[in-house]
Every structure is written in structure tokens, then in C-alpha cells.
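S.K.: Here the numbering used here is used: the first residue of the sequence shown is 1, the next is one more, and so on.
Possibly wrong hints are sitting among the right ones.
[Claimed, not checked] With a straight-line cut-off of 20 Å between C-alpha atoms, the simulated DMTMM-like cross-links for lysine to aspartate or glutamate are: (1) K156 <-> D72; (2) K156 <-> E64; (3) K156 <-> D23.
Simulated from the structure, these hints should not be mistaken for lab results.
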Amino acid sequence: MSAQSPARSSSEASPDVVSGAPDARLLTDAVTRLRRALRQSIRTDYPWEQLPMAQVELLQVLHEHSPARIGDLATRQRLATSTVSGLIGQMISAGLVAREVDPGDRRASVVTLTEAGEEQLDAWLRAHERRIDAALGELGAEERVRVREALPALFKLAEVLGADGAE
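Generate the whole structure from the sequences, applying the supplied hints.
M.R.: And the structure:
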């Protein structure tokens, strides 16, 4: 496997880069594969973890920006308000979040994380950290260094991608 292209099985074709943006194509492929592999391995290794990703993302946002109105959560997550409202309803039923009166506008409500929501998010993060740590242990020292060196650029890329009002 070279540093430029991911390892592929014989049944997979190499990326057909015709757009003139091979870095974007390869990064898209790598991110897609990483997300899929992590999601599948977590579900296999930690079967208790059945929280849908949309709910995990809402827990993460609420951890950083709580309390929040449903409309603000929808805007931040780029989802329809009705979608977020439904997810929040499920999360209230599960005891992960609570709906409260907005102290600044008693006609409105806000959503906050509950202790159970904080615990679930923490458990989810720890499970992912353990899985990624184990996978990093399978890499050579030089590959681990390259992954670490890429992190600042990946964080910056995430910031740039989220800069259009959602973050």
C-alpha cells in the first residue's frame, strides 16, 4: 500500500480521478471508509451501543452548546426542525435530554443534556477511543506519526467545511 492510495481488495477498482482533484477524491474515499469501518466495528465490538448517529451528534452539540432551542439545533445540524424535534422526543423518552422552559422567553423551550445523556455520550466517546487506539496499535510507528501530523490539517478542514453557518 502506498501513501497515496488506500489498500483495495482485488474486487475494488482504484479511484477514477478525472475531476482534477485527486486529493479530494482520495480524502472522500478515506473518510467514508473510516466512518464505515468505525461504525461497523463499534457495533460488533460494543453491541450495547445502539444510539443512532444523529442522536450522538445532537448529544455532542448539546454538550458544547446547552441549553439550546430545537430550531437552533436544526440549523446547526442542517436538519429540518421536524426531524430534530422527533429525535429530541426519542431522546427525552430515553432520558438523555430534558425539555425546559427558556429562561429568556417563557413561551419557548430549550433542550438540555441530562446526567444520563452525559454518561451515554462519554461511554460512546470512550468506546470509539478504545477502538481507534487498538487500530492505531496495528500501524507502524511511521504511519502513526503521519496520522498524528495530519490531525491539525484535518481539524482545519472540518472547520472550513462547517464555516458556512452550521458551526
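S.K.: List in ascending order the numbers of the hints, as given earlier, that are violated by the structure.
M.R.: As far as the earlier hints go, only 1 is violated by this structure.
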